[in-house]
Amino acid sequence: MIKPTSTCHHNKQKYSKSTRHLFEHHNNPAELISENKNLRSIFVTAQYEFDKLKSRVKTLERELEFEKEKSTDLEKANKKLKSLLEKAEAKVKKFVLMLFGTKSEQCKSSHSNIIPNDFIDVTCEELESNSLETSIEENLGKREKKRGARKGHFGSGRKALPDNLPVETAILDIDEKDKTCPHCGLSVIELKGMEKESLQLGIKIVFYIKKTLRKTYKTACSCEGVKKIITAPLPPSLIPKSKYNEEVWTDFLINKYQFHLPIERQLFKFQQADVNIKPGMVFNGLKKIYYDYLEVLHEVLIEEMRKAEKLHADETRWYVFLDGHKKLWYMWGFRSENIVLFVVDPTRAADVPLKTLFNFTESKIEKLKSKDSAKFMEIPLELIKKLNVDRYSAYKVLEKYGLVLLSFCWVHQRRDIIMIKKKYDKNTGLCLWADEWLGRIANLYHINNQRVKFEKESKEFKKLDTELRKSLNDIEQIIKSEKYTHMKNKIKS
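Residue numbers for the sequence shown follow numbering that gives the first Met the number 0, so the first one is 0 and each next one is one higher.
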């Protein structure tokens, strides 16, 4: 049997004392009631403070949630502003480069391993080192080049005179008094072949009268039905019975439309040579040339252009001076294998290439389409024109109606990539991406330049043609892959 230890005995005594204290405490009801009231008061105060703190916590939670939303909105706005700032800075760089930068589109990159190094022109690091500020300083003259010769440059000398011009020789002699010795009076001896030669370019504007003599013959026989007097016919003339030959009219046309010299200013040149030509006669003559020759020729060129299978097209601004008309017009250029055709029009709409190449307008096509949409424009694929253009939307209208198959120009695409490098020159990742694409495009041009040196039926041409098509297929796969990656990242974001 285990005996209790002293510790157990001590605990037993302690328990007995506390029990006795509670019993004694319960025997005093007034004190217990007072203590209960105090405790209740404490609990009420504690409950009030607890509710107050709970309300405060909820308020703080709402404020925290609001601040989180506000922070998210500010982050989005900040991201948007950064993007806008980057685009604005890129535009500024673009415009500054347009004003002060070099016009060359050559661009090199050491990052690209797509093509050999000898096809590459400027690295991304060189682009960054030749920064925008440096370009502006150089072009504004802040960093002026030293005058004088450059090391390694031999100059061009005075060799600018062309060799294909006729030569008029002018002989200059010394004075008669210098041909004798002032002391003894003996004559000097001319040294043949020792003349000193100097060359200068000159220009002559010569007005002359062209006299044409037409020979006349008389028949020696007396046969009936034969003219007795035969005279040589008049030579063909641009404007029949005109006092001015083709040279004069050609000069008027070239000066007006190539050098943009008004007729009144051209007539001043004639007046200085005492050649009196009336302005009304010139304008009437130019109108006759236009309606009899130029308009007809233009229509023939359009008809021939419509027969072509492969075409190039482009457009640019063209200012005209017509009272009551819009000053800004557009010059459209169309080129086939044998013809270059220009069309000046006040609009840049798709109706211009539609009218020029197919004698259609968009409204006319829509009417035909609404009448019989099933049979409209059923052109076999092999007969559809191949049109090489930039990405302007007017050409896409022709493709929409099934009239052409568009072939976009690599030059324009390359130009956009070069501009990306110039605008975002501090973005190393974007520069690397641009360098890779510039390398791929340069490789296409290199293969094609080698390809066109050979005949189409030769083995070399076929080999290079296969290589070029393989490179194009590879580029198409890369484009599809980049589009998929871009869409994937866009969905994630």
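Hints are not guaranteed to be accurate.
[Claimed, not checked] Computed cross-link-like contacts, DSSO-like style, restricted to lysine-lysine with a CA-CA straight-line distance of at most 27 Å: (1) Lys384 with Lys452; (2) Lys210 with Lys150; (3) Lys227 with Lys286; (4) Lys78 with Lys452; (5) Lys306 with Lys176; (6) Lys178 with Lys195; (7) Lys78 with Lys487; (8) Lys242 with Lys209; (9) Lys487 with Lys75.
[Unchecked claim] Derived Cβ-Cβ restraints for the label pairs, each shown as a range: (10) Arg468 with Asn254: 29 to 35 Å; (11) Asp273 with Ile202: 30 to 36 Å; (12) Leu367 with Ile202: 55 to 61 Å; (13) Leu160 with Tyr391: 42 to 48 Å; (14) Gly332 with Asn254: 32 to 38 Å; (15) Leu252 with Pro232: 23 to 29 Å; (16) Leu293 with Phe206: 24 to 30 Å; (17) Pro232 with Lys395: 33 to 39 Å; (18) Lys217 with Trp317: 57 to 63 Å; (19) Thr346 with Val295: 32 to 38 Å; (20) Glu459 with Lys86: 22 to 28 Å; (21) Val299 with Leu431: 51 to 57 Å; (22) Arg146 with Thr484: 50 to 56 Å; (23) Arg305 with Lys366: 16 to 22 Å.
In case anyone wonders, no lab produced these hints; they're calculated from the structure. Everything numeric in this text was worked out from a predicted model, so none of it was measured. C-beta atoms are modelled at their ideal positions from N, C-alpha and C, and glycine is treated no differently.
Now the hints, each set against the structure:
For the given pair, Lys384 sits about 26 Å from Lys452 by alpha-carbon distance, which is consistent with the 27 Å threshold. Restraint check for Lys210 and Lys150: the C-alpha separation of about 59 Å exceeds 27 Å, so the hint is violated. For the hint pairing Lys227 with Lys286, the CA-to-CA distance comes to about 40 Å; that exceeds 27 Å, so the pair is violated. Of the supplied pair hints, the one linking Lys78 and Lys452 is violated, its CA atoms being roughly 52 Å apart against a limit of 27 Å.
Restraint check: the Cα-Cα separation between Lys306 and Lys176 comes to about 77 Å, which exceeds 27 Å; the hinted pair is violated. Under the criterion of a C-alpha separation no larger than 27 Å, the hint pairing Lys178 with Lys195 is consistent with the structure, at around 17 Å. Using a Cα cut-off of 27 Å, the hinted pair Lys78 and Lys487 holds, with the two alpha carbons roughly 20 Å apart. A distance of roughly 10 Å separates the Cα atoms of Lys242 and Lys209; the hinted pair therefore holds under the 27 Å criterion.
As the CA atoms of Lys487 and Lys75 are separated by approximately 20 Å, the hinted pair is consistent with the 27 Å bound. A C-beta distance of roughly 49 Å is found between Arg468 and Asn254, which places it outside the suggested range of 29 to 35 Å. Our hint of 30 to 36 Å for Asp273 and Ile202 is violated, since their Cβ atoms are close to 20 Å apart. Taking 55 to 61 Å as the suggested C-beta distance range, the pair Leu367 and Ile202 conforms, at roughly 58 Å.
Evaluation of the 42 to 48 Å hint for Leu160 and Tyr391 yields a pass: the beta carbon distance comes to about 45 Å. Distance hint check for Gly332 and Asn254: the Cβ-Cβ separation is about 23 Å, which falls outside the suggested range of 32 to 38 Å. Checking the proposed 23 to 29 Å range against Leu252 and Pro232 shows it holds: the Cβ atoms sit about 26 Å from each other. At roughly 26 Å, the beta carbons of Leu293 and Phe206 sit within the given window of 24 to 30 Å.
A hinted range of 33 to 39 Å for the beta carbons of Pro232 and Lys395 is inconsistent with their spacing of about 56 Å. At about 59 Å, the beta-carbon gap between Lys217 and Trp317 stays in the expected band of 57 to 63 Å. In this structure the supplied range 32 to 38 Å is violated for Thr346 paired with Val295, their Cβ-Cβ distance being about 25 Å. Between Glu459 and Lys86 the beta carbons are some 47 Å apart, a value that contradicts the proposed interval 22 to 28 Å.
In this structure the hint that Val299 and Leu431 lie 51 to 57 Å apart at CB holds, the actual value being about 52 Å. Against the hinted window of 50 to 56 Å, the Cβ-Cβ separation of Arg146 and Thr484 comes to about 54 Å, which satisfies the hint. As the Cβ distance of Arg305 to Lys366 is approximately 21 Å, the hint placing it in 16 to 22 Å holds.
This entry does not satisfy hints 2, 3, 4, 5, 10, 11, 14, 17, 19, 20, going by the numbered hints stated previously.
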